[in-house]
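Assemble the complex: chain A is given as a structure, and chain B must be docked to it using the hints.
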Amino acid sequence: MFSANFLSALRGPVLLLTLGILLVLSHEGVANGRAAFKYTWPALIIVFGFFKLLEAVAARDPLAPPPPMNPLGGPQQ
Amino acid sequence: MKRASLIAPLVLILIGAIFLLNNLRADLPIGRLAAQYWPWALVLWGVIRIVEVISWSARGQALPRSGVSGGEWAFIVFLCLAGSLFSEGYRITKSWPESRMFRWGWDVLGEQYDYPVNAEHEAANVTKVVVENLRGNVRVVGADSNQLKLSGRKVIRAIERSHADEADKKTPVEISRQGDILYVRTSLERWTGEERVTANLDLSIPKGATLECKGRSGDFDISDLKGSVELDSDNSDVRLQSIGGNIRADIRRSDIFRALNLKGNLDLKGRGRDLELENIEGQVAMNFPFSGELHVKNIAKPLRLDTDRTEVAFEKLPGHLRMSLGDLELENVQGPIRITARSKDVRLQDFTQGATIQLERGDIQIVPGKAALSAVDARTRSGSVEIALPEKARFEISATTKRGEINNDFGAPLKADEEGRGGSIQGSTGPGGPKFTLNTERGSLTVRRNATVEVTNFFPPAAPVPAAPPKAVLPTVPAPPKPQDQ
Numbered sequence: 001m002f003s004a005n006f007l008s009a010l011r012g013p014v015l016l017l018t019l020g021i022l023l024v025l026s027h028e029g030v031a032n033g034r035a036a037f038k039y040t041w042p043a044l045i046i047v048f049g050f051f052k053l054l055e056a057v058a059a060r061d062p063l064a065p066p067p068p069m070n071p072l073g074g075p076q077q
Numbered sequence: 001m002k003r004a005s006l007i008a009p010l011v012l013i014l015i016g017a018i019f020l021l022n023n024l025r026a027d028l029p030i031g032r033l034a035a036q037y038w039p040w041a042l043v044l045w046g047v048i049r050i051v052e053v054i055s056w057s058a059r060g061q062a063l064p065r066s067g068v069s070g071g072e073w074a075f076i077v078f079l080c081l082a083g084s085l086f087s088e089g090y091r092i093t094k095s096w097p098e099s100r101m102f103r104w105g106w107d108v109l110g111e112q113y114d115y116p117v118n119a120e121h122e123a124a125n126v127t128k129v130v131v132e133n134l135r136g137n138v139r140v141v142g143a144d145s146n147q148l149k150l151s152g153r154k155v156i157r158a159i160e161r162s163h164a165d166e167a168d169k170k171t172p173v174e175i176s177r178q179g180d181i182l183y184v185r186t187s188l189e190r191w192t193g194e195e196r197v198t199a200n201l202d203l204s205i206p207k208g209a210t211l212e213c214k215g216r217s218g219d220f221d222i223s224d225l226k227g228s229v230e231l232d233s234d235n236s237d238v239r240l241q242s243i244g245g246n247i248r249a250d251i252r253r254s255d256i257f258r259a260l261n262l263k264g265n266l267d268l269k270g271r272g273r274d275l276e277l278e279n280i281e282g283q284v285a286m287n288f289p290f291s292g293e294l295h296v297k298n299i300a301k302p303l304r305l306d307t308d309r310t311e312v313a314f315e316k317l318p319g320h321l322r323m324s325l326g327d328l329e330l331e332n333v334q335g336p337i338r339i340t341a342r343s344k345d346v347r348l349q350d351f352t353q354g355a356t357i358q359l360e361r362g363d364i365q366i367v368p369g370k371a372a373l374s375a376v377d378a379r380t381r382s383g384s385v386e387i388a389l390p391e392k393a394r395f396e397i398s399a400t401t402k403r404g405e406i407n408n409d410f411g412a413p414l415k416a417d418e419e420g421r422g423g424s425i426q427g428s429t430g431p432g433g434p435k436f437t438l439n440t441e442r443g444s445l446t447v448r449r450n451a452t453v454e455v456t457n458f459f460p461p462a463a464p465v466p467a468a469p470p471k472a473v474l475p476t477v478p479a480p481p482k483p484q485d486q
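Residue numbers (the working numbering), protein chains in the order written: chain A, 1 to 77; chain B, 1 to 486.
In case anyone wonders, no lab produced these hints; they're calculated from the structure. Small disclaimer: the values here were computed from a predicted structure and weren't measured. Backbone N, C-alpha and C fix where the C-beta goes; we use that ideal spot for every residue, glycine too. All clues given are correct.
Cβ-Cβ distance ranges computed for the label pairs, FRET-style:
{"#": "1", "chain 1": "B", "residue 1": "82", "chain 2": "A", "residue 2": "46", "range": "23 to 31 Å"}
{"#": "2", "chain 1": "A", "residue 1": "43", "chain 2": "B", "residue 2": "217", "range": "49 to 57 Å"}
{"#": "3", "chain 1": "A", "residue 1": "50", "chain 2": "B", "residue 2": "88", "range": "26 to 34 Å"}
Just chain A, with the same shape it has in the complex (with noise of 0.2 Å):
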C-alpha cells in the first residue's frame, strides 16, 4: 500500500495530466463537442476527491509507516 506521504505528491502531477487529458479531448472536439471542457471540467474534482480518499485511508493504514515527524510535532517536509 503506498503511503499517505506518497499518494500527496503524486495528487499535483496527476490532476495536471487529467486536466492535459480533459483539454486535449476539448480541442480535438471528441464526441462531437460533448467532451469540451466546460463539459468534462468536473472530472478534476473527482480526481483530487479520489486521492484525498486514498491519502486518509493510508493515513489510517496500521501498515503503513507513520510519516516522519519534525521536532516541533508536525510531518517532516
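Just chain B, lined up with the frame of chain A:
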C-alpha cells in the same frame, strides 16, 4: 539528497526549440501547430512529474507535499489562458477571408492598383446615355460632338498585384448601343472577390442626349447638358450645373446636393445633409429630409418641399430661402405661401399673395416689407408672433394669445385687450386692407410699426474676419501676475 526536477529545463528547451524552428523553417506552420497541440504540454508535464515522484520515492528522497508547487500551478493557469486565447485567435483568423472585417482590413492595409480606362464610341442620333457604375464617381459633360468619350481609371485595392489584375480582367468597361440608347457599364457587379473595385469615370456625351446614371456609391458631377437627367444612387454627393432638361434624382443618402442653373423641373427624393439650389427655371419638388442646411435662391416656378416635419410651398422665389434644423427664413417670395412645421422659428419677409403658417412650436416673425400687403394666417401653439407693418398701411387684424403679453404700436385704431393671462389685438386701420390672423397659445403677440422692427437675422452672412484691431490703451486695474502658457 536534493531532488531535482526535469520540468523547468525541459520547458526552456521546448520554448527555445519552438523559436528556433520558427526562425529556421518559415514554411512550418508553427503557430497553427502550437494553437492546436498546446494542451499536450500539460499531459507531458503531468506524466514527467508522476515519473519523477515515483523515482524520488523509490530512492527514498523527500517527496514534495502536493507534487506541484503553487508557482507551477500559477504558470499552468497562465499557460491555459494564453493557449486558449491563442487557439481562439487562430480560429477567428482562419475565417477572416469571409468576414466583412477582413474586407475592411484590406481597404486599410491593401495596396491600391490603378488601371486607366479609355474608350470612345460613335454616338450619332443617340438620344439617351445610360451609365451603370456600381461604385465610383461619374463626371459627365455635354459636348457639341457625336462621339462619346470615356476616360478615367479603375481603382482596385488588393493585397497582391495578381489579384488586382484578375479583378480588372473580370470587370471590363463596356460601351454598347441598343437602338438610340448608348450603355456604359463598368460590370463591377460581376466581381465577387474580396478586392474592392471602384471605377471613376469622366464622360463626354452629346449635349442633346438625356442621361441616366445608376450606382450604389460615388459622386455625380454633371454639367452642360440640354437633355434631362435621371440619377439613382444609395450614397452620392451630387453637383448639377447648366442642365436644360428635367432632373429626377433619387439619392438615398447625400452629404451635398447642389444644383445650379437648371432650365427644367427638379424632382428630388431621398435623404441628405446640405442642399443648395440656385437659378432654377422649372418647378422644384423635394421629398428630402435633411440634417444640415438648405439654401435656395431664385426659383422661377413653384417649389414644394416636404421633409419629415416641415412642409414649405410657394409659387416663385426671386429672393432666397434658408432653412436649418431650427430656423426657416424666406425673403422676397411670391405666394400663396404655405409653411407647416413642428418645431421651427420662421421669419417671412417681403412676400405677396398671402401666407399661411402653422407651427407646433416656434416663433413667427412677419415683415411684409416693401411689397403690397397680403393676407396672413399665422398660428403657433408655443412661441411668439410678431408682425411689422408700414406706418400708413391699411389692414384688418385679429390676433390673440392665451398666455403672453401683447404689444400694439399702432395705438387707437386697434383695440388691445388683456384677458386673464393673455389678450388680443383687434381692429382695422382702414377699409380694403388685407386681414391678418395671428394666433398663439403661449407666447407674446406684437404688432409693430415697420420703423421699429428689429429684424432678427437667423442666418447672418459670413463676415470677413476683421484684422486684429490695435490694442487700445485703457486704464486697467493691475491684475495679479499669471503663469504664462507654454
